[in-house]
Each structure stands twice: as structure tokens, then as C-alpha cells.
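Engineer: Here is what each chain is made of, one letter per residue.
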Amino acid sequence: MTGGSRLGSRFDSPRVLGYLLIAPAAILLLGLIAYPLIWGVWLSMTSATLGDTGAFVGLHNYAVILADPVFRGAAMFSVLYTVFAEAGKLALGLALALLLNQSFRGQRSARALMLLPWVAPTVLSALAWLWLLDPQFSAVSWLLVHLHVISRNLDFLGTPATARASLIVVNIWRGLPYFAIGYLAGLQSISKDLYEAAAIDGATGWQAFRRITWPLLAPITTILVAFSSIFTLTDFQLIWTITRGGPTDATQVFTTLAYQRAIVSGQLGEGAAIAISPIVFMIVLAFFVMRSVRER
Amino acid sequence: MTVRNLRIYAPLALYGIFLLLPFYWMIVTTFKSSAELLNTPNPFLIFHFTLSHITDLLTQTQYGRWFANTLFISVGATVLSVFISYIAAYAIIRLRFPGWQAVSTAIFLAYIVPPAILFIPLATVIIQLHWFDQLWALIPIYATFLVPFCTWLLIGFLKTVPRELEEAARVDGASNVAILWKIIFPIAVPGLISAAIFSFTLSWNEYLYALVYMSSSGNKTVSVGMTTELIRGDVFQWGQLMAGALIGVLPAVLVYFFFVEYYVAGLSGSVKE
Numbered sequence: 001m002t003g004g005s006r007l008g009s010r011f012d013s014p015r016v017l018g019y020l021l022i023a024p025a026a027i028l029l030l031g032l033i034a035y036p037l038i039w040g041v042w043l044s045m046t047s048a049t050l051g052d053t054g055a056f057v058g059l060h061n062y063a064v065i066l067a068d069p070v071f072r073g074a075a076m077f078s079v080l081y082t083v084f085a086e087a088g089k090l091a092l093g094l095a096l097a098l099l100l101n102q103s104f105r106g107q108r109s110a111r112a113l114m115l116l117p118w119v120a121p122t123v124l125s126a127l128a129w130l131w132l133l134d135p136q137f138s139a140v141s142w143l144l145v146h147l148h149v150i151s152r153n154l155d156f157l158g159t160p161a162t163a164r165a166s167l168i169v170v171n172i173w174r175g176l177p178y179f180a181i182g183y184l185a186g187l188q189s190i191s192k193d194l195y196e197a198a199a200i201d202g203a204t205g206w207q208a209f210r211r212i213t214w215p216l217l218a219p220i221t222t223i224l225v226a227f228s229s230i231f232t233l234t235d236f237q238l239i240w241t242i243t244r245g246g247p248t249d250a251t252q253v254f255t256t257l258a259y260q261r262a263i264v265s266g267q268l269g270e271g272a273a274i275a276i277s278p279i280v281f282m283i284v285l286a287f288f289v290m291r292s293v294r295e296r
Numbered sequence: 001m002t003v004r005n006l007r008i009y010a011p012l013a014l015y016g017i018f019l020l021l022p023f024y025w026m027i028v029t030t031f032k033s034s035a036e037l038l039n040t041p042n043p044f045l046i047f048h049f050t051l052s053h054i055t056d057l058l059t060q061t062q063y064g065r066w067f068a069n070t071l072f073i074s075v076g077a078t079v080l081s082v083f084i085s086y087i088a089a090y091a092i093i094r095l096r097f098p099g100w101q102a103v104s105t106a107i108f109l110a111y112i113v114p115p116a117i118l119f120i121p122l123a124t125v126i127i128q129l130h131w132f133d134q135l136w137a138l139i140p141i142y143a144t145f146l147v148p149f150c151t152w153l154l155i156g157f158l159k160t161v162p163r164e165l166e167e168a169a170r171v172d173g174a175s176n177v178a179i180l181w182k183i184i185f186p187i188a189v190p191g192l193i194s195a196a197i198f199s200f201t202l203s204w205n206e207y208l209y210a211l212v213y214m215s216s217s218g219n220k221t222v223s224v225g226m227t228t229e230l231i232r233g234d235v236f237q238w239g240q241l242m243a244g245a246l247i248g249v250l251p252a253v254l255v256y257f258f259f260v261e262y263y264v265a266g267l268s269g270s271v272k273e
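Chains A and B supply the protein sequences, listed in that same order.
Going left to right, the first sequence walks through residues 1 to 296 as the working numbering numbers them.
Going left to right, the second sequence walks through residues 1 to 273 as the working numbering numbers them.
A few of these clues could be false.
To be verified - Only some residues are given here: those of chain A computed to face chain B with a beta carbon under 7 Å:
| id | residue |
| --- | --- |
| 1 | Pro-14 |
| 2 | Gly-40 |
| 3 | Trp-131 |
| 4 | Pro-135 |
| 5 | Thr-255 |
| 6 | Ile-283 |
| 7 | Ala-286 |
Said to hold, decoys possible - Where chain A lies over chain B, by a calculated footprint (3+ residues, C-beta under 8 Å):
| id | stretch |
| --- | --- |
| 8 | 46 to 55 |
| 9 | 146 to 153 |
| 10 | 172 to 185 |
| 11 | 204 to 218 |
| 12 | 247 to 261 |
I should point out that these hints are in silico values taken from the structure, not numbers from a laboratory.
Just so we're clear, the structure is a prediction, and the values are computed from it rather than from any experiment.
Note that CB positions come from ideal geometry on N, CA and C, so glycine has one too.
Start from the sequences, fold in the hints, and give me the full structure.
Structural biologist: Structural data, given as C-alpha cells:
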């Protein structure tokens, strides 16, 4: 070692270099995540609007939204949307993983193609769904009419119940591949010996699934569901593109309502309170994720 | 044999129809004449092939600009985030500086904070920083959700790199910085590619931040431009919209098909680690 070696070696000590290397990430996350998060809590307790910092109003915004039937409807549909979409993604994702875990010709291409909904930008595929579910020219209606399932075109997005069901189906469409790949990784880590032993003991396929596959996949299930729920509960792109929260607020969720109140109408304080409220559910979900990550 | 085949391919075909339907629909609509969009004996077929939707989209709208913007932001955010995440992951895994455990927990927590609860307070921060409607500002903004994800992925990857290599280098007098770039970096390339393709896909997919923080037409991304400028009122130019969706899906899909094994490994890894 020569020249500036003393400076160089101090710079190279794990402690100094460690802080230096972590600094860019730390600045970014403190400045653009931690600070806005705390600032958002403060904002939700002010009467701020776009262009006016407003005054401290305590829990007034929360009292206002809790008394607001539109907010209550949005909270209810957010939870409903999450519960049904997660159940659908879990069931269909697991079934697809079991299917893809068998060996057959074209298995690799099938696996690659099945991930496309997850890879494609959500807003762009949501536009295709919007056009597929068009009240007049819906290709889905055309297909169902020609299969004699329905007698005339359905206005999928025009009535509350069908609009809600349609959004849940599209959310399942988008998230199912993520579950399938997660489960496929889990299935491949289960030892074949277990199934052979079960077969020798005369277990049926269903029994082997109930007693071996499902329990061994439990940790992955927790992670997949908890993680996916966090993002389903705060979904925006899909719902905003397809229904904008309509018809008459029937498909409003936390984030679409927060966007409308804060950005479109300029009520920053109230919008911040709406945007923060799903945190109640997310803390519970984060706890489950943390616990199963630690256990592994 | 045939029964077994049927039990695999029949459900697989149903999945295929459901999962690929919107993409098929984009393609069919893009190349169909306008008259046929509204009146056709079978909407799933093309009777009069046309390229006019694509040429109209590229000549009469700002689509080309939005596409270039999205590419610029996605590449920029990917390069920035993978770099920051690589050095952060190395520091956490190998240098074990005081407080590394707290930092790694904080990064994990940042990973599960969705943009949906940040976008309103972040808007006021963006305005204070004079970043509002500045296209490049989306690069550091996207890094806020990419860095936690990439760091997490790279921590998992670097854990699997054997320590013997760098210990041998250290005996030969290599500094930590030299080990970071000359020893670990080449081995970490598969992990870095995984992190990069995920970052690119997630950036290409982003909508909320670009919708709220960009306002002039020339600064919009594909998703934002299409939903705010191509949809006006109740008039939908479905031919142009589906052409735009199809072209907008292509970069993400091409990157994906080129690196499909890295994708599967990265997704499985993010579940396992």
C-alpha cells in the first residue's frame, strides 16, 4: 500500500464504508417514504387544500369521513373486493400451479404464457377489459349469447352488482399468475419421497393433497395472501381505469375516493385521511408477513 | 395416455382462454376496420384488415412522445435503483456495520408501504422540491418503490454467494471496495439482471404517481396519456386505444420473454427469502 493508503484504509473500514454505501438508499427512503408517511398523518389532521396549508383540526376529517356513506361504502367494497379476489387468486393460482407442476409437452411455454397478465401494464390490459365489457359491443356478451348462457347483452359495468363482480374477476385475472408461480416454487421444494410413502400407504390423490401438499404450502400461502392483500386493498389502476368508482360510487375503494377528494376536488386533508385509513388492515397483514418471513 | 393428456390440456386451455383473452382482443381490435368494430358477424375475427389505427395513433396523437417518456423513465429508474440497491445490499450482508439489522427491517417495511397511501403527502413534497411536472423527477420517485424491492431481492441473492472467494481476495490485500466491484459484482450479475427486469416492468406499469405528478401532455407516460387524452368524455376510439395498448404492452412482454427464466427465479425468490 502506498500514497493515500491511510485515508484509503479508513475509508475501507466496514463501518465507514457500510454507512457510505447505505447512504443513498437511506436518503431516498427517509426523504420520499418516511417523511411523506409522517407528513401524511399530519396532513390528515389539517384542513389543507391544494394551494392552502390549512389549520390543525384534530380528528375532524376522520369524524367527517366516518359519517360519510360514500366513505363507508368504499371501505366496505375495498374489503369485499380484497376478500373475494384473494380467495379467487388462491384457488385458481394453486390449481394452475398443480397443473403446471406435472410434466407434459409444452410445459415451459405454458408457464411462460400464463405469466403475461402479471407482466403487462395493468392500465393497458384494463383498457382491453373495459372494451371487452362494453355495454353495446361487448365480445364477452356476444360469446355468452352465442353459447346460450344469456339471451341479450349484459351491461356489465352499468349495475352495481355486475360492476363489482367484473372488477373482482379482472383483479383475479391479473394476480392469479403471481400466485401460480409462488405456489409452483413451493411445490417443487416438496420432496417426492413424501408422496411415494403416501402412495404405499394407499392414500388417494386428494388425501395426499390434504395431508402433505396443503400443510407444507401453508407458509407460502401466508406470504402470498398477506402480500397480495396489501396491494389489492389499496388498488387504484384497475378500478380507476374500468369504472372510476361508478356506477354511483358502487365500486369506490379507498384509493379512488382519496384521489377524487384530494387531487380532483383539492381537499388534501380529507383525502389524506381516506388514503391512510387502510393502514388499520395493513398493520395486521404486515404482522403476518413479518412473522412468516422470520420463521423461514 | 390420452385420458391423462385430456386432464392436463383441457383445464390448461380454459386457463389459456381466460388469461390471454385481453391480449387477443387488443390484437384483433388493432387491425380491424372502424366499421367492423361496431358491426360484425363475429367480433373475434378480422374481416377487413387495416393499419389505419396504428398510423392515426402515431401521427395524430402524442403517443410517440409518451412512449419515449416511459422508456426514458423506466430505464433511468432501473439503472439508478439497481445501483443503489446493490451497494446497499452488499453493505447489509457483508459489512455488518452497527445498525444493519434495523436498516434491513426498515427496508422491508418500506417494501410493503403501497404508493396509494403515500401519493397525497408526497404530492406536497414534490411541489416544495419544484419537481412537479418535471419528467425526470419520476426517476427518483419510482426509485422509492424499486429500491426496497431490489435491495430485498439482492440481499437474498448475495446471501448465497460463498464467503471463501472474498476471504481469499482479502488475504491478497484487496480492499472492501475492490471486492465489491471486482469479486462480487461479476458473480452477482444474474441477481442484478433479475432486479433490473423487475424494476423495468414495475416502472413501465406505474400509473398513480405519473398521473398525479405530471400535468402537461408532453410529460405523460403511455398509461397516463392514453387514459387522460385518448379517452374524452364518452367517446372511445377503440381502434386507436387498443393499438396504443398493444404497442405499450410490447416492451414489457419482450423483456419478459427474453429473460423468462430470470423472472421465474426472481418471483420464486421473492417468495422464498
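Engineer: Please go over all the hints and tell whether each is borne out by the structure.
Structural biologist: Verification of the hints:
{"no.": "1", "hint": "Pro-14", "result": "4 Å, holds"}
{"no.": "2", "hint": "Gly-40", "result": "3 Å, holds"}
{"no.": "3", "hint": "Trp-131", "result": "5 Å, holds"}
{"no.": "4", "hint": "Pro-135", "result": "11 Å, violated"}
{"no.": "5", "hint": "Thr-255", "result": "4 Å, holds"}
{"no.": "6", "hint": "Ile-283", "result": "10 Å, violated"}
{"no.": "7", "hint": "Ala-286", "result": "6 Å, holds"}
{"no.": "8", "hint": "46 to 55", "result": "violated (count 0)"}
{"no.": "9", "hint": "146 to 153", "result": "holds (count 3)"}
{"no.": "10", "hint": "172 to 185", "result": "holds (count 5)"}
{"no.": "11", "hint": "204 to 218", "result": "holds (count 5)"}
{"no.": "12", "hint": "247 to 261", "result": "holds (count 7)"}
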